[in-house]
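Sequence lines, in order, name chains A and B. Convert by adding 359 to the 1-based position in the first sequence; the result is the number in our numbering. Convert by adding 1 to the 1-based position in the second sequence; the result is the number in our numbering.
Simulated from the structure, these hints should not be mistaken for lab results. Don't take each hint at face value.
Non-contacting residues of chain B with respect to chain A, defined by C-beta distances greater than 10 Å in every case (computed) [what the hints assert, rightly or not]:
no.: 1; residue: I19
no.: 2; residue: K79
no.: 3; residue: F211
no.: 4; residue: N220
no.: 5; residue: N237
no.: 6; residue: K254
no.: 7; residue: D267
no.: 8; residue: S270
no.: 9; residue: H284
no.: 10; residue: S352
no.: 11; residue: S380
Below, in silico cross-link-like pairs of lysine to aspartate or glutamate (EDC-like), each with a Cα-Cα straight-line distance of 16 Å or less [said to hold, decoys possible]:
no.: 12; chain 1: B; residue 1: K433; chain 2: B; residue 2: E449
no.: 13; chain 1: A; residue 1: K484; chain 2: B; residue 2: E214
no.: 14; chain 1: B; residue 1: K254; chain 2: A; residue 2: E463
no.: 15; chain 1: B; residue 1: K218; chain 2: A; residue 2: E796
no.: 16; chain 1: B; residue 1: K286; chain 2: A; residue 2: E796
Glycine included, each C-beta is placed from N, C-alpha and C at the ideal position.
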Amino acid sequence: MDIIFNIVDGIVACFTRNLSWSAVLHTYWFLFFIEFPRYYFLEFVIAIWHKITYRRREKAMAVAKMKLYIENPLITILAPGKNEGKHIYKLVKSLNEQTYRNYEIIIVDDGSDDATPLICRDLEKAGYIDLYLRSDIRGGKASAANFGVHYAKGKYIVHLDADSSLDRDAIEKILIPFYYDPKIKAVGGCVKVRNSEESLCTSMQALEYLKTIQVGRMVTNTLGIYHIISGAFGAFERNKLMQIGMWDIGPGLDGDITQKIRKSGDKVYFAENAICMTNVPTAWHALFKQRQRWSKSLIRFRLRKHFDILMPHKHFNFLNWISNMENLLYDCVFNFLWLFYMITLVFMHTDRLLEIFLVSWLIRLCFSLVAFGVIMMVSERASEERKLIPYLLLSSFYTGYFLRSTRLLAHIKELFFFSSYKDPWNPKKTSDLAQIEGI
Amino acid sequence: MASNYQIKTNLSGRNILIVEGVINIDLTEEIKTEDFDIIWIMDTKQTHAELSYQLQLMSPFHSLKCHLKPRFLETSLKNRVLGLSTVVDGYVDSIDDKLLNELSNDIYEKLAYIETFDIAEVTKSNYIYFLKLCKYAISRGMNTFTMSLDKAYAIGHTALFVAKQNNLLSNMRAEFIHFNHILMDLGYAIKTKFLERIHICPKCKNTHLFYMEACPKCNSSNLQEEPVLHHFRCANISPESSYLYDGELRCPKCHHFLRHIGVDYDRPSNVYTCKECNHNFLHTKMKVYCHACRKSMRPSDLIPTDLYLYEFTPDGILALSSNDALVAISKDLWAGYSNFTSFISQIRLFSYSKDKNEAIFINRFKVDGPNVNKETIISIVSDIQKRYHYNNLSYNGNNIFMATKAPADMSDTLKRLMEEEYLETMKIIDLKYPGIVLSEPNYLNQNEGEKIEAFIKRISKDN
C-alpha cells in the first residue's frame with residue numbers, strides 16, 4: 360500500500376510542488392510541441408472546419424453523384440491476392456449489395472497453392488465474378504494487380520483486398536469524387552476494422568484506424584497533402600493508371616502509386632464516407648511484422664525512390680513537398696527524436712521515472728479524449744464506435760510506445776540494411792531486381 | 002474363253018477351288034457346292050476393286066455355294082484386301098500349305114455342328130443375314146466380341162459380332178442393334194466385362210459429337226490464346242504481343258529488354274480472348290455439338306452409356322449353330338401385317354420349329370364387290386389389323402389371310418374363335434364398305450405328313 364501512496368504523492372507533487380506549467384512543458388516537450396500540434400490540435404481544427412464546410416461539400420457531392428449516374432460508367436473491381444479463396448465469396452456477396460451496379464469483378468490469383476483456383480473457377484462459372492486470372496508462378500502483389508488492370512474494361516478501377524467487405528454505398532461513394540473534380544484521378548476509401556472485438560490487439564487497431572485513417576487522412580486530404588491510398592480500398596482512373604505504369608514492386612506499393620499520381624500532377628482524394636471493413640492481425644507478433652513492412656516502405660519509397668519530390672526541380676510541387684516532408688518528419692525523423700527524448704527523460708529523471716511516465720500517460724489520455732471527440736464528430740457510425748472508449752486508457756502504450764518503437768526498428772533496418780528487399784512478402788526474383796534497379 | 006477357275010485336290014485330299022479371275026461362283030452352273038471344300042484366290046495382278054468384288058461375290062453371307070467354306074488368299078494379295086480381310090481365313094502361297102490344311106480342318110470340325118440355310122430368304126427382315134454372320138463367327142471360333150468404333154452407327158460403336166462386319170447397309174444397322182438385343186434377351190449372348198463409359202446426345206442418342214472450347218460468355222469458339230509475360234523488374238504483366246518489339250521482347254512499361262526467362266521474366270499464365278465478344282478468360286467452357294441433331298449442349302447434359310464385352314453363351318452357340326435361333330427370333334416378328342412373300346416366309350420358317358405341339362391356322366377369305374380395288378383391300382386389311390393385332394395378316398390379290406399360332410390340339414377352339422373374328426369383320430365391312438361382300442371363310446392348317454411347300458401351295462392357290 361505504501362508504494363501506491365508514494366506514487367500518488369509523486370503525481371500530486373508533479374502538479375503541485377515540483378512542477379510549474381513551464382516545468383511540465385519542459386519535461387513533456389515532445390508531447391506538447393511535437394505530438395500535440397500535429398495529431399491533436401491540427402486535427403481538431405480541421406475537423407471543425409470539415410464540419411463547417413459540410414453542407415457546401417455535400418451539395419457539390421450531390422451534383423457529382425448525379426453526374427456519376429448520368430454517365431454510369433463500367434467500373435472494374437479488382438482483387439489481387441494469394442490464397443484468398445476463402446474470402447472471395449464473402450467479398451462478392453458484399454459487392455452484390457452495392458448501390459452502384461455497373462461493375463465487373465476481376466479476381467487475380469497470384470500463384471495460390473490452396474483451394475483458391477477451385478473456388479474462383481466455381482464462382483466464375485456461377486457468374487459471381489466476371490474474370491478469374493491466375494499466375495501459376497507467384498509474381499507478387501504488384502504484378503497480380505497489373506495483370507488484372509490489363510484485362511480490365513472499366514473506366515475506373517477499384518482495388519480491393521480480397522478479405523475486405525464494403526458498406527453497400529462504398530463503391531458509389533468512392534466514385535463520386537471523380538465527378539467532383541475532374542483533376543482527381545485516384546480516390547482512397549476509408550478502411551475500418553471488422554474484427555475489432557476479436558482481441559485486445561484488434562481493438563487497439565480499430566481505435567488506431569479511426570484516428571489515423573478516418574480522421575488522419577481526412578485532415579491530410581483537406582490540407583491537400585493526402586499521400587496514401589489504402590491498398591485495401593482505392594479507386595483509380597484506368598487511363599491514368601496505365602499512363603503511370605500501374606503498380607511497382609512493393610511492399611508499400613499503395614503509398615508508392617499515390618506518390619506517382621501526385622508527381623504526375625494530378626490530384627488524389629480521400630473519401631472518408633466510403634467505408635471498407637477489413638480483418639487486421641489478431642496477434643501482436645503478426646501486427647509487429649505487418650507494421651515493420653509498412654514502415655520500411657516509408658524509407659524505401661519516400662526517402663529513396665521519390666526523393667526528387669523533396670528537391671527543387673522543374674516539376675517541383677510545394678504540396679507534394681509538404682506532404683512528403685510531413686510524412687518523413689513525423690513518421691521517421693521524430694521517431695529518432697523520440698528515442699533521444701526518452702533517453703534524456705530516463706537519465707534526467709531517473710529517481711522519479713514512474714511518476715514521469717504516469718503523468719505522460721495522463722497527458723496522452725487527455726489528448727486521446729480530445730482525439731476521440733474528433734472521431735465522434737467525423738465517424739458515420741459514432742454510436743457503435745463509442746464502445747472503444749475504454750481502450751483509450753491503453754492507447755498511450757499502443758501508439759506512444761509499441762507502434763513508435765516498431766517503426767523505429769523498421770526504419771533502422773531499412774536505412775542501414777535494406778531489409779525490405781529481403782521481405783518474403785515479395786518473391787525473391789522480383790525483390791533482387793528491384794534492389795539492383797534501386798526501386 | 003479361258004476359264005477363271007480350276008479345281009484341284011491337294012495332298013490332304015481337300016478339293017480346292019482356285020480362283021484366277023473374277024467369277025460368280027453361284028451363277029456358274031459347272032461348279033457344284035459339293036465340288037470344292039476350300040476356296041483359294043490366286044494373285045493374278047487383279048486390282049483392289051476386282052479383289053473386293055470377288056470377295057463380295059463369294060461372301061459367306063450372300064453366296065450359297067461358298068457360304069461358310071474356308072477361303073484363303075495368296076500371300077501377295079494381303080495388302081490389297083483392306084476392309085474385307087474379316088472374311089478371309091488366311092494367306093497361303095500354295096494349296097498344300099500347312100496353315101491352309103490346319104485352319105480348314107479346324108473350320109470343318111466346327112461346321113460339322115452347324116446347320117446351314119438351304120434357302121436364300123426366309124424372313125421379312127434381315128435377321129437371316131445376321132444369323133449367317135453369327136454362324137460364320139461360330140465357325141471361325143469367334144465367340145467373344147468387343148465393341149469397336151464405327152462412324153456408321155449413331156451410337157458410334159458396334160456390339161457383338163458386328164464388330165467384325167462393318168459393311169452393313171445403313172437400313173440394316175438399326176435392325177442389327179435390335180437383333181443384338183434379342184440375342185441378349187434370349188440368353189444367347191451375355192455381357193462379360195465392362196469396357197468403357199461413353200457419352201451420348203440426350204436428344205438423339207448419337208455419339209457423333211464435337212467437343213469444342215468456347216467462350217464462357219457468348220459461347221463462340223472463335224478464341225485466341227496468348228501467353229502473358231511477367232517482367233520482374235517493374236511488375237508489368239501483359240500479353241506477349243504487347244512485349245514484341247522489332248523481333249525482341251521489350252517491356253511496354255519500363256522499355257527494358259527481356260533477355261532471360263526466369264531471370265528477367267516468366268510466363269505465369271495463358272489468357273484466352275474471345276474474338277466475338279472480346280471477353281478474356283483463363284478457362285474455356287466446353288460445349289458439345291451433336292452432328293446428328295445439330296443441338297449444342299454442355300458436357301454435363303450428355304447421357305453416360307456403358308459398353309461391355311459380349312460373349313455367346315453355350316446355349317447361344319448351340320442355338321445359332323442350328324436353326325433354333327431363327328425360330329426363336331422370328332417369334333418376335335410374327336404378329337402384324339407383312340407382305341405376302343414375307344407371310345409365306347413366316348409360314349415356311351415355322352416349319353423349322355422343332356416344337357411340333359404348335360400349329361399354324363390360317364383363315365383365308367376373298368373380298369368381292371362392284372368397286373373393289375387395291376386401296377379398298379388395303380383399307381380393309383388395315384381395319385382388321387387394328388382389331389386383331391395378334392394375328393399375322395396379309396393379302397394377295399383379293400384374298401385376305403389371317404394366320405394364328407396355337408397348340409395343335411386346340412384346332413376346334415381356334416376354329417370357333419376364328420369364325421367369331423370373321424363374323425365381327427363382316428359387320429365392320431357391312432358398316433364401312435357398303436356393297437362389299439366377303440366370301441365364306443376358308444380354314445387351312447398343315448395336315449399330318451404334309452410337306453411345307455405343298456401346304457404353301459395350298460394356301461397360295463386362289464379359290
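Self-check item: Index of numbered hints that the structure contradicts, given in increasing order
Solution: Violated: hints 5, 6, 7, 8, 9, 12, 14, 15 and 16.
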